[in-house]
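Spelled out, the chains give:
Number of protein chains: 2
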Amino acid sequence: MRDAFHDELNALNDRLMQMTNLVRSAISRATTALLDADLQLAESVISQDAEVNRLYAEIETSIYELMATQQPVAVDLRTAITALRMGADLERMGDLAEHVAKIARMRHPVSAIPVEVRDTIVEMGQIAERLVTKTGSCIATRDVDLAKELEDDDDAMDRLHRRLFRVLLSKDWPHGIEPAVDITLIGRYYERYADHAVRVARDVVYLVTGSREFDDSAS
Amino acid sequence: MRDAFHDELNALNDRLMQMTNLVRSAISRATTALLDADLQLAESVISQDAEVNRLYAEIETSIYELMATQQPVAVDLRTAITALRMGADLERMGDLAEHVAKIARMRHPVSAIPVEVRDTIVEMGQIAERLVTKTGSCIATRDVDLAKELEDDDDAMDRLHRRLFRVLLSKDWPHGIEPAVDITLIGRYYERYADHAVRVARDVVYLVTGSREFDDSAS
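Taken in sequence, the protein lines are chains A and B.
Residue numbers for the first sequence follow the UniProt record's numbering, beginning at 1 and rising by one.
Residue numbers for the second sequence follow the UniProt record's numbering, beginning at 1 and rising by one.
Bound-form chain A, shown alone:
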């Protein structure tokens, strides 16, 4: 029984890694779709979110089955419940990438990103990708130090988010309300994407150390 259980846990980990890869690709393509007003790319992000949702549903089902049939305790129980949380965060990251892609689609053939904030959005996209890549490595390697690095990247995301508002609110913003509304939402989506990536990494730390002390609830 216990060996079958650990095989199942490994399979779960593989599915979480798959989800991580999918939501990394999604935010990467969404950023490009946004910057280049690439409709086809935006559509691909939107349609492929179903795959993320399907993986999450599989993870949920198999965890419920695992817990019902194997009644795990201690560290095994912690692993199973934490995988549920991680799956939920990754699923949400997929939604947020999809939201970004939907703005790209809505504004096509124009880019939703005026030149004044282009560099900031490029950087937010890069940090989002870096974060989720590290999150994937954390899941694969259970490297607690790497998980802690994500906090710095998240701080960098918050700085970029504040920079975005400074540009929007500067006296010489020439683009009016609609692009400002788009960019406000886009900024929020990247920031939340980063928060969820950090939460997944924190869950890895929790799994390894059994402690949540390095948590301070990303919001």
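Heads up, a few of these hints could be off.
When chains are identical, the list treats them as one kind, so a pair holds in a single copy or across two.
To be verified - In silico lysine-lysine, DSBU-like type, Cα no more than 35 angstroms apart, as pairs:
hint	residue 1	residue 2
1	Lys148	Lys171
2	Lys102	Lys148
3	Lys102	Lys171
Simulated from the structure, these hints should not be mistaken for lab results.
Given chain A, put chain B in place with the hints provided.
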């Protein structure tokens, strides 16, 4: 053992109800703080979110203990895991009310809400309160029909959210970028608050029926 377990589950339900009451009060006060530019009220929402977080941490701890010591199966297991999810959604609702209050605080002594969108924000606040009140009743009574009613309220919230954008994007919006950015974020916070309330109600349905068929993943 089993009776102690069910006593614990009832205690969990009480804590979830307490969280529901707190986040209902939080969004109600946040809305008033926003409309009246009431700094003291905004501060009370911000400081009292710690209480919501504390309750959620208690729920988490007691569920982990329960699962480790009692090894629940079938419906009991489902109840315990679902309570974790519900707690997480309620905790997030507290954060969102706090975000609304922070905008009220940031713009004080001016109200962040110009007259053109005042009625829409009033209604969004009312629907948020109605949703969370029904969510509380769902948790207390396990009334599946009531849970389904929440979907209609959530649709009403989405309509108000679209109305908000129409006003922001109308040619005669006289307030410039900063209020538009504030209102974009505020609208998003109410919409997400409603989504999480619906998720909690869906979890009640899942608990009662064992089926997730009425889910279509609020995002």
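Here's how the hints hold up against the structure:
no., hint, verdict
1, Lys148 / Lys171, "neither (38 angstroms within a copy, 47 angstroms between copies)"
2, Lys102 / Lys148, "both (32 angstroms within a copy, 28 angstroms between copies)"
3, Lys102 / Lys171, "both (29 angstroms within a copy, 23 angstroms between copies)"
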